[in-house]
Amino acid sequence: MGREISNSTTNQTQQSAMSHTVEQLVAVNPYNPDILPDLENYVNEQVSSQTYSLNANLCLLRLYQFEPERMSTQIVARILIKALMAMPAPDFSLCLFPIPERVQMEEQFKTLIVLSHYLETARFRQFWDEAVKSRHILEVIPGFEQAIQAYAIHVLSLTYQKVTRSILAESINIEGLSLDKVIEHHVANSGWVIEKNQNKGQLIILPRNEFNHPELKKSTADGIPLEHITRILPILG
Amino acid sequence: MTIAGTMGYEREQQIPGDYDPNYVPDSVKSFVVHMYRHIREKNVYEIHQMYETSFQSISDRFFKDAPWPSVDAVAPYVDNDHVFCLLYREMWFRHLYARLSPTLKQRIDSWDNYCNLFQVVLHGVVNMQLPNQWLWDMVDEFVYQFQSFCQYRAKMKSKTEQEIALLRQYGQAWNVYGVLNYLQALVEKSMIIKILEQEKEGLEQFTATDGYDYSGGSNVLKVLGYFSMIGLLRVHCLLGDYHTALKCLLPIDISQQGVYTSVIGSHITTIYHYGFANVMLRSLSSQESSYTELISIDCSLPATSDLVVYYFRILIVHFNGKESNDNVDAYRLQLKLFLYEVKQQQLLSGVRTFLKVYSTITLGKLAAYMEVDEPTLRSDSISPPKDMIHVAESKPAKRYGDYFMRQIVKLEGVMTDVDRIKLE
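Residue numbers (the UniProt record's numbering), protein chains in the order written: chain A, 1 to 237; chain B, 1 to 424.
Next up, chain A with everything else stripped away, as it sits in the complex:
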């Protein structure tokens, strides 16, 4: 769908207007095949504007399920890639369940399934190696690499108290000067601290959280909600 090149402000208004109306369409007609083309356009819109709506995409997959002859595998691939970018949310499998097995057997979908498996099990080296091979379907999705890098950093932060520069480089597939920039950015914004280490090179100390420092784990259950207190107020009074 070739969108006219226009100045960026009207572009943004159009986009937000579109997402607004499509979300409404889905809310009002969750089971209406007439909105299928709108939802397909909306997937492309999500790709180009780097936005995301699981709800609308699941609705489209549902309609494809009812109208198999109208399914576009290109759109399905885009939905799955957007779902990969939403990791650690379980969106990828959620989108996979309604897709018929014979479609899942297609080469591009098999690759995406393998990629999601690598991400799930945090095998980032293998992920990036595999992703290179499927560059043609991934490169057309703006923000793909950044989204996966953010996920990798998220996983590292949950797992490690300290991480070596080489493991970080391997996980986010960035090296050299660009890696310095990333590290600088996180030192400034996410509380990373660099520790110089003679034999091992740079060591990054990640901020403490309840996952990499178990003793920080809050016992969430100890609060009492206000409405429960109100129940005993008459008794106390």
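Hints may contain errors.
[Said to hold, decoys possible] Under the rule of at most 16 Å between Cα atoms (straight-line distance), these lysine to aspartate or glutamate pairs were calculated in the EDC-like manner:
#1 B:K189 with B:E201
#2 B:K200 with A:E227
#3 A:K133 with A:E107
#4 B:K105 with B:D26
#5 B:K247 with A:E23
#6 A:K196 with A:E184
[As the list claims (entries may be wrong)] Residues on chain B that point at chain A, a partial pick, calculated with CB under 10 Å:
#7 Q169
#8 L180
#9 D241
#10 Y242
#11 H243
#12 M280
#13 V409
#14 L411
[Unchecked claim] Now the stretches of chain A that chain B is said to cover, found in silico as 3 or more residues with beta-carbon under 8 Å:
#15 27-38
#16 56-62
#17 90-99
#18 226-232
Don't read these hints as lab results, they were simulated from the structure. This one's a predicted model, so the numbers in the text were calculated from it and none came from an experiment. Glycine included, each C-beta is placed from N, C-alpha and C at the ideal position.
We have chain A; now place chain B onto it with these hints.
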């Protein structure tokens, strides 16, 4: 479309030779006359008794392997009341589905009857008060007959030309959009979501009265709308869309008792599908983990796959009915993905068992216990620096605050009771 008109298609059905759809035994006469009266008088208790007990005992005595008398035959005893006739036919078809195998024409007629019944309810012209059990059964049976139709249609090879022509002619019958939209319309028209919200603020009563309306109104639309949310939960699970399934159930707070727990069938269906969808979403919290345990205990595979195959055999989702193989594919696919989810959980629970004993452990030691070599495990976890793993145990914290609150309220209740006792 009359029931008598369906007799031409009785190919699959074994009906005793002496069955006459127009013969109405005295007990049936008395049944419809009384039921009709109780419905007009809004006597929920009596309606429930007749629905639960009399209908069963008359079925056992007279209609073990034959349908009930046709609606035309009983209509004269109930003033030809339109709505009563729709209700009667709803029961008539349900009995037929349970005891005999419905013909294609009967399946289509049953669809028509549901459409007419729901239309009447949606237009708000009913003024009845029906038992929750009956209203639940309507939604439950509606979804069941939809599934049953999908399975039936998938077996195209064994169809006669006459049947195929009929299928084409009534393409709208049990159409997936129709089914979903009726359930959705009942949810919306009943305003049930708003009612449940307002109830939280104390502005409305629904759960407290089990959904019944004691101020002269009808409970039918409201409660049908309520149960339709559970119907949608189920249909979306059948379709493999677990996210939307749970979204449909959101208005019902399943951490508490509610109208859904007032009928056993509805309680089981709700918890079962809720649990299943959550396993697929991997969002079971530790309190709810009994469900995963239940599944992973007998996950020494043969047993589980039987269990899950059983589940997926019931749910068959194919709609255009062209290739019957897709049916089998659909359930095999869900089974495969489900087992994949369970296996992941199982792997983790293996690691967890060892980690329970230690608060820190070296990678090498863990690898030895798990009977894998270190590099493999390393790639399974991602290697920690200095190869030392710190173990965080997740233990459900006890909620003392909540416990004390409840005891305070309870004590106050006891005190009030004690105060009320007058000693002679």
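Give me the numbers of the hints this structure contradicts, sorted from smallest to largest.
The structure breaks hints 1, 4, 7; every other hint is satisfied.
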